[in-house]
Amino acid sequence: MAEATVTSVLRHIGLGSEAGHVWVDRDGRWQAGPLHGSWSKPVAQHIGHAARETERRRRLTELSDAIDKAVAVERAILNELEVLDGRNATIAQEAATVPSDEAVRRLQAELVASTKSVAAARLQLTEAESRVEKCRNQLTEITSARDRDAADMKLSAWVEKLNEFEELLAQYREHVAKLWPMLRSYLAVRSQSHTAVERARAAQLDEEQRLHLLSQARERAAAATAKHSVLEATRGADVARVLAELELARAGVKQIQKQRDEADGERVRASERLGGAKQNIDLLREMLEQQAGRREQAVELLKAYVAARLLATVHADLEQIEHEPWTITRAVEIARTIEALLGHVESDDAAWDRSQKDIHQYIEELKDTLLRHDYSPVTTTKADGLFVVTVPFLGRDCTMLEFRNELSAEIGARQSVLDAREREVLENHLIGEVATHLHDLLHKAEAWVRGMNDELHSRPTSTGMKLRFTWQPIEDGPPGLHEARRRLLGAGETWSPAERAALGEFLQMRIKDVRASNQVGTWHEHLAEALDYRRWHQFGVDRQQDGTWKRLTRKTYGTGSSGEKAIALTIPQFAAAAAHYRSADALAPRLILLDEAFVAVDNDMRGKCLGLLHAFDLDFVMTSEREWGCYPTVPALAIYQLSTLPGIDAVGVTRWVWNGRERIRDCTALPGACDPGTADVGGNGKAHGNGEA
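For the sequence shown, our numbering gives the first residue as 7, with consecutive numbering after it.
No wet-lab data here; the hints were simulated from the structure.
Mixed in with the good hints there might be a few duds.
Claimed, not checked - BS3-like mimics (lysine-lysine), calculated; alpha carbons at most 25 Å apart, straight line:
| hint | residue 1 | residue 2 |
| --- | --- | --- |
| 1 | Lys-472 | Lys-450 |
| 2 | Lys-472 | Lys-556 |
| 3 | Lys-472 | Lys-561 |
| 4 | Lys-373 | Lys-363 |
| 5 | Lys-264 | Lys-233 |
| 6 | Lys-472 | Lys-571 |
| 7 | Lys-373 | Lys-140 |
| 8 | Lys-561 | Lys-571 |
| 9 | Lys-571 | Lys-556 |
| 10 | Lys-260 | Lys-233 |
All chains should be modelled from the sequences, with the hints used to inform the complete structure.
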């Protein structure tokens, strides 16, 4: 570009805002048509020979300094490389003297192969168990269908005796085949019998009539004979004697008639008594039949209880009662035995109503519990409101007592296998891996307690009181806890075989105790609870006063001043919060809220307590009427001062920032309206509210 062109362009650029649409000003402002702005630099760099020369020398100086720094860095890197070469040589020499790891690699390969073999075996076991479970389910379904069909045909008692049932069925068919000819013969004989009976009745009636006529004829003959005898006797006697005898005969007749009347009255009365006795007999017979019916119903209900296999649930001696048909005497003996064994059980109507009211709730709770373990209880209703709950298990329906006994037997069988497997797991894994992990955790806990005590030791109160934490085994801990803890605190390589066996026994007993107390838990839950070392220990707080350490209790707590009491209650809570947040992410907030936490505590101790919060890495939010929290022990603090004026229904907010050295007022109008970097407090930012009225 020609110089004249550049000069012409520069002449058209004015000086100042009044020069037109294209101009520059000495304060850095400029305009080029619709564009305008401002810019400046401390010195000229490109316009003018002197400016360019000065800028060149400055850049040369900077480059020279940069080269010197690079050379120094290069020398340092070369020195570090020499040191690293020496270390590499040392490492190579040490590596050459290290024993060969071929045996370890071989064992590792064998371990991997064994692990794969175990995994394959477990897979095969799982598949086999799945097939067995499938077969069991099919067997259960088939058995249930068979039992339902048997129940529909009233043949439940013959389910387990099919061969005998088939033999009896064949005999029944044979007897039925013989029945029809016998039935025809019987009908013919019965018809002939009816004809003979009718003839016999007609002959008997004719005989009775003839006997009656014979009796009348005999009476007339007797009277005629008597009259003939009298006439024969009186023949030839005189009239007076005959009349006297006749009068005596008439008197005798009257006496006989009177006796006959009395006999007839006695006969009527006897007939009446006989009728009453017959009525009483009929009534007693009816009552006897009713009692026999009720007894039969009671026996049938008792048979239903026995058939449902429920009596053994209430008493073990009732398990041996036979299921075969009973005689009345045997049924009475069984009822008396039950009454003798269960006479103490309430059996009135109120107890029955209570049991009927709660039975459905108990059944639902039982179903919910068993369904969680893949067992399907079945509820059936028998006579007299009898509810029977059975569980299909191992191909048959078991009552609750039978189910419990079967489960106990299976648990015992599996327990024997599990104990051996458990001991193998304990010896191969828990004694090594878990014990090492517990060893590390116990040492970390001990180190954490020592660190806490160091922080507390460096912050005594103005009265000289000091606090310390203790972490000791609980007094009522599991047997062998102290010895096991002592071994776990030591190195695993120093354990003798007896110590390893004792430690394994301790861990196994813990697992058994947890399993016994929580039978519905999983294996993972049992291990987590049994190996939780925190349950074996308890924290305590000791206070040193007048040169003596004493356990802080309700009794010793009341001997301190109000400030010492506040510190003794507050600092353990700080430590508990810090321990709670130990497992949190490094960038996660560790918030605690304090409301007038240091009442009756002097300023020196307040500063120490706030410094302790910083040492514990806790992010506190505190409200206070007079406390500002501006202590050298606090590296950073954000303060919000709330104030009011009389007659104004508003609260004024003033923001302050404490940077560890001075308190600075932040004039930002609204929190968050400024760049977060303008009020950087450094470290962990703490929020604090201070109120004034």
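Do the hints match the structure? See the list:
no.: 1; hint: Lys-472 x Lys-450; result: holds (23 Å)
no.: 2; hint: Lys-472 x Lys-556; result: holds (11 Å)
no.: 3; hint: Lys-472 x Lys-561; result: holds (17 Å)
no.: 4; hint: Lys-373 x Lys-363; result: holds (17 Å)
no.: 5; hint: Lys-264 x Lys-233; result: holds (22 Å)
no.: 6; hint: Lys-472 x Lys-571; result: holds (12 Å)
no.: 7; hint: Lys-373 x Lys-140; result: holds (22 Å)
no.: 8; hint: Lys-561 x Lys-571; result: holds (12 Å)
no.: 9; hint: Lys-571 x Lys-556; result: holds (14 Å)
no.: 10; hint: Lys-260 x Lys-233; result: holds (18 Å)
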